[in-house]
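Asker: So you can see what is in the structure, the chains are spelled out below.
Protein chains: 2
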Amino acid sequence: MITEQLLNPRSIAIIGASNDISKPGGKVLHNILAHGFEGQLYGVNPKEQQVQGIACYPACAALPEVDLAIIAVAAQYVEEALSTLAFEKNCKAFILFSAGFSETGPQGEALEKRCVEIVNAVGGTLIGPNCIGVLTQKYKGVFAGPVPEYDAMGCDCVSASGATMVYLLEMAIPRGLKFRDIFSVGNSAQIGVEDVLQYWDETFDPETSSRVKLLYMEQIADPKRFLKHAWSLVQKGCRIAAIKAGSTEAGSRAVSSHTGALAGSNTAVSALFRKAGIIRCYSRIELVYVAAIFSIKPLKGDRLAVITHAGGPGVMLTDILVKGGMQVPHLEGPKADALLSRLYPGSSVANPIDFLATGNATQLGEILDFVENEFDEIDGAVVVFGTTGMWRVDDVYQVLHEKIRSCRKPIFPILPSAIQAAEEVSHFQAMGHVNFTDEVSFGYVLTRVNKMQPLYPDPVLPAVDTQKIRQIVEKNPAGYLSPAQVFELLEAAGIVTVRQATVMSKEAAIAQGEAIGFPLVMKVVGPVHKSDMGGVVTGVKSPEEVANTYATLMSLEGVEGVLLQQQVRGIEVYMGAKAEDAYGHQILCGLGGIFVEVFKDVSAALAPVGREEATRMIRRLKSYPIIQGVRGKEGVSEELLVATLMKLSALLQAAPEITEMDINPLLGTPQALVAVDARILIG
Amino acid sequence: MITEQLLNPRSIAIIGASNDISKPGGKVLHNILAHGFEGQLYGVNPKEQQVQGIACYPACAALPEVDLAIIAVAAQYVEEALSTLAFEKNCKAFILFSAGFSETGPQGEALEKRCVEIVNAVGGTLIGPNCIGVLTQKYKGVFAGPVPEYDAMGCDCVSASGATMVYLLEMAIPRGLKFRDIFSVGNSAQIGVEDVLQYWDETFDPETSSRVKLLYMEQIADPKRFLKHAWSLVQKGCRIAAIKAGSTEAGSRAVSSHTGALAGSNTAVSALFRKAGIIRCYSRIELVYVAAIFSIKPLKGDRLAVITHAGGPGVMLTDILVKGGMQVPHLEGPKADALLSRLYPGSSVANPIDFLATGNATQLGEILDFVENEFDEIDGAVVVFGTTGMWRVDDVYQVLHEKIRSCRKPIFPILPSAIQAAEEVSHFQAMGHVNFTDEVSFGYVLTRVNKMQPLYPDPVLPAVDTQKIRQIVEKNPAGYLSPAQVFELLEAAGIVTVRQATVMSKEAAIAQGEAIGFPLVMKVVGPVHKSDMGGVVTGVKSPEEVANTYATLMSLEGVEGVLLQQQVRGIEVYMGAKAEDAYGHQILCGLGGIFVEVFKDVSAALAPVGREEATRMIRRLKSYPIIQGVRGKEGVSEELLVATLMKLSALLQAAPEITEMDINPLLGTPQALVAVDARILIG
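Top to bottom, those sequences are chains A and B.
What the first sequence shows, in the UniProt record's numbering, is residues 1 to 683, in sequence order.
What the second sequence shows, in the UniProt record's numbering, is residues 1 to 683, in sequence order.
Be aware that one or more of the hints could be misleading.
Claimed, not checked - To be clear about the criterion: a stretch of chain B counts as covered by chain A if any three or more of its residues have a C-beta under 8 Å from a C-beta of chain A, and this derived list gives those stretches: (1) 242–249; (2) 311–321; (3) 619–625.
The hints are simulated quantities; they were obtained by calculation from the structure and are not laboratory data.
Note that this is a predicted model, so its numbers are computed, not measured.
Just so you know, even glycine gets a beta-carbon here, dropped at the ideal spot from N, CA and C.
Hey, can you work out the whole structure from these sequences and the hints?
Answerer: Below, the structure written as structure tokens:
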């Protein structure tokens with residue numbers, strides 16, 4: 001829980017305060033003093049009586065009562081300091097810079113745990129250890145810079161890596177990005193990213209809260225709480241972008257050398273973000289560009305005007321927008337002609353709107369007015385405007401400033417002259433604007449942001465036979481269910497299965513074969529890779545063939561019996577699920593066989609999966625055209641695919657003990673979707 | 001042809017010279033004067049006697065003889081000026097800033113053509129029109145800045161967009177990139193990108209020439225000449241990166257509104273770049289990062305050490321490197337232990353090598369020495385090092401500087417503290433280094449650069465029956481060849497075709513069916529989408545079935561006859577070719593059916609395609625695992641695929657009149673690859 005004392009302390013003690021600003025305890029005091037703090041400030045340092053002009057105490061025991069303690073001493077001294085502060089000084093908030101805790105091994109881990117227990121005992125908040133601190137409106141409790149000015153509508157940030165936060169700011173501030181509260185949570189001993197999200201969610205005020213949230217994480221300890229609050233914030237109008245690093249095995253090795261965090265499954269993270277409506281970023285620069293787009297009013301559509309006085313960047317930008325699925329509509333007709341007549345000869349308004357190297361501020365204003373008022377086929381504008389260095393562009397940027405403020409349609413500024421127009425760009429940013437320096441990076445990120453559609457809440461799952469499901473699951477020990485039980489479970493969830501029977505004798509094979517009806521498929525029971533060993537025979541058409549095939553299959557190694565199945569036709573579909581620890585179940589689907597194995601064409605979502613999310617899963621597949629039907633061939637009913645995914649989700653809800661399952665294949669046509677083979681592992 | 005007078009003029013006249021440096025004719029003079037020019041300088045301006053301290057003439061006619069003219073007057077005055085300079089003043093080089101030529105329409109196009117004729121008549125060089133000029137060691141003939149210092153080993157550049165060149169410099173200079181010669185070729189009326197490449201190629205001197213070439217283009221007018229010289233430069237040790245903008249239809253509209261250039265087929269451009277060994281970039285920032293990587297000694301392998309004092313960036317960098325196919329090998333054993341003992345407790349050398357926020361210059365030196373001398377499993381290092389702002393990092397960057405100079409293995413510096421370490425970074429760059437500010441952008445680009453393997457020259461194509469090929473092609477008018485001729489052509493090229501015959505009567509069908517052998521496939525002749533209309537019947541097993549099927553097929557609409565084919569089995573393979581105007585033939589291949597149509601899984605290369613390039617085409621396919629054989633199923637002989645692609649290339653060489661052809665499908669097994677159906681269009 002994040003206490004009021006952390007956010008708005010009446011008093012702060014810095015344990016390890018110093019006059020030396022090359023030390024964390026010196027630098028943090030310097031930052032607090034430099035940016036103003038209206039409450040009481042104390043230092044603790046046995047060697048000093050005053051630090052940077054404030055009173056300094058020899059030990060924590062000597063302090064008066066204090067709301068917040070910022071602790072910048074070696075790990076070995078931390079526990080005692082915490083005890084004194086918590087139990088004797090009524091301290092309810094602690095920022096712990098010190099390293100040497102869980103990231104160093106079992107001993108540090110034990111120490112970290114004891115520290116958390118002390119803070120928990122008094123209902124306090126602990127930020128860190130191994131962090132750079134906290135920035136709020138009230139105080140700048142960080143030892144590492146740069147320290148951005150507080151902006152009430154700036155980006156709220158939380159980062160599990162102090163250095164990443166620092167380098168993010170180093171990249172963001174020069175691009176005009178503004179910041180509000182920043183939490184560097186370090187090892188997240190008590191307060192992690194989830195807690196900060198929860199705090200933002202529970203205290204959200206549509207009038208005063210910022211709507212942009214930026215996250216850097218190396219682990220998501222409590223994905224369900226993370227999802228709950230991220231989703232809720234998005235529903236309240238917030239826009240969230242996040243980096244979850246450690247998406248490869250080697251990257252995770254880096255993570256564990258770094259903070260001892262364990263990397264969650266990478267696809268589960270992406271599925272979580274999609275469900276919550278979070279833009280997943282993979283680099284600082286991408287996060288900065290997304291945040292800058294978030295800081296501009298949302299684009300309500302995908303049709304852009306590209307406005308430029310420089311051909312090349314307009315071409316490259318148009319290419320990336322179109323590749324990313326957006327439109328740069330061709331403009332023509334009387335309105336386009338009217339605009340053209342106001343520009344210099346040689347200009348083009350076909351879109352990109354190119355008003356030439358000699359284009360001026362007045363013309364830019366006219367173009368933006370046409371975009372705003374005349375071109376209904378346009379939802380927003382990108383303006384690329386730099387300078388050759390021959391004249392200043394203050395007047396152009398002034399027009400851009402005014403139009404960004406006054407227009408309903410969003411305008412994205414790309415001001416590429418970092419050297420020659422440095423002053424003008426700086427002045428433009430000082431008026432409260434961001435600036436994208438590279439048009440293609442901007443275009444790529446915009447197409448990603450514009451595609452994001454948050455999901456509706458609480459998916460409704462179809463009713464299933466819960467009683468039967470519980471019965472089957474509870475009577476079985478951990479391990480794979482038998483084929484018969486697998487099918488019973490699927491049927492209890494309403495998933496259509498093929499008619500079949502497992503037999504152990506020739507006579508039973510013939511009898512069951514006749515009951516199911518010809519043609520039949522016969523498969524060995526036992527070995528996993530049935531088809532690789534010749535353990536699957538199709539097109540069995542008569543009792544005699546059944547008898548012969550039975551004999552052949554039973555002679556193969558490791559075979560325990562033979563499964564007889566109705567032979568159904570259709571396109572192979574794959575559905576599966578896997579329990580991802582704290583993430584819950586991840587549900588997967590795709591077309592079967594090589595589409596899954598060679599093309600890795602699989603959609604994933606976290607359970608529960610309702611109608612909308614299931615539909616998106618299907619439509620996101622690269623092989624979706626095959627589902628729709630291509631080359632004169634039948635596809636697969638999208639409705640049945642969606643319904644079956646929802647039933648699978650309902651099954652997992654009723655039987656959370658399922659740790660892994662595959663239905664592979666289902667065979668699908670426009671009329672039917674039938675599960676032919678499946679495996680279910682109970683954990 | 002690029003004349004000596006353009007590169008090394010003894011005298012320069014500026015037509016339209018001005019005292020007003022907000023005009024091109026004023027700014028270019030200012031730039032030339034500011035950066036030094038050892039020859040004679042003249043101005044031409046009827047209103048001035050002196051401009052910026054140099055002698056000014058009222059008209060070109062009044063000038064003495066001059067080597068180079070820089071023309072900065074309105075389009076309408078250009079032709080006369082050129083005439084006078086060319087025919088009366090022995091001028092052999094012209095830089096034409098003025099706009100108002102081919103980019104404005106037919107009239108401007110005609111004017112541009114007349115200007116080229118004047119310059120050609122005296123064997124001169126014309127740069128532009130509609131350009132920002134030329135930078136060489138001798139003079140800075142540009143009106144648009146920024147003007148980089150000349151560096152003999154800096155990047156050579158050519159750009160078809162002046163603004164893009166300007167904005168590229170605005171982005172590159174702050175990252176430490178150095179420049180040599182820059183050509184802004186504008187409309188490329190006479191001198192285009194190809195000519196500049198040819199000049200670089202023909203004058204290449206391993207001792208004195210720069211090895212880094214950067215290109216921005218919106219068209220490639222002469223792809224074959226482009227390829228010849230680009231490839232030759234790469235063979236001489238140069239590294240080339242290029243943007244070819246206008247890769248989408250809307251982007252091409254932007255191009256044509258911009259310079260009147262026509263966009264070539266986008267896949268043909270990529271194929272051309274692959275053949276030449278050029279890294280294709282899509283943005284200025286990507287080009288800058290590639291150029292910066294080029295400016296560091298090449299990485300001889302794909303195994304990197306990631307060295308950092310900041311966890312997060314190390315994790316993100318490792319993720320992107322591994323995703324891009326590079327290795328960040330786990331380091332362990334006695335050498336790793338020895339290194340670890342020299343670092344602070346809590347450091348990790350597992351790779352990423354994390355030497356903590358407190359890590360210092362001495363430790364960085366030790367780590368880099370271990371990478372250089374002890375870790376044979378490492379080919380190079382990336383160092384991510386910024387600052388928290390508590391202390392200066394000059395000593396760290398000094399070590400980095402020394403190790404970059406002294407180590408055999410390349411070291412890539414990522415210095416993220418743009419604000420807090422601005423001075424130190426600037427000093428580091430002043431010592432001659434580049435700096436990558438974003439680790440993930442760097443990692444992404446490095447994986448692309450490191451994958452580039454130039455091809456060997458002059459592919460050897462297999463012998464084909466040229467006489468027969470010429471005979472068939474020459475006796476046919478433009479249009480589609482008949483199925484029989486298509487097969488004759490394929491056979492003449494040594495491509496194995498299915499046994500088949502086209503028949504017009506039931507009797508012939510039966511006779512030919514028996515000759516070919518059962519089972520047979522029977523297909524309608526005439527309609528294009530045979531399978532969509534039920535015009536293909538497989539598994540015809542007897543003379544009676546032949547007779548019945550013949551009758552059924554002939555009753556379908558538009559059917560002119562029936563094709564009987566040996567029924568062959570195997571995986572469907574697609575090969576095709578298309579004439580791309582000046583690019584020559586583009587050859588395509590992939591697995592057939594949905595792999596081409598739904599997954600667009602096609603490899604392309606420009607003819608001629610030899611063994612190495614054909615092999616790369618096959619291995620680049622996403623469906624390559626299917627060719628190798630997956631899930632216990634047979635694949636297709638890679639050797640036969642490669643051989644057939646080479647034969648296809650040889651066929652196109654013998655019959656360049658083929659404008660389009662498909663062999664779809666070929667059916668492939670590990671033992672055979674047989675063309676079953678094909679179309680050939682003669683242009």
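Asker: Which earlier hints turn out false for this structure, listed by number in ascending order?
Answerer: Violated hints: none; all satisfied.
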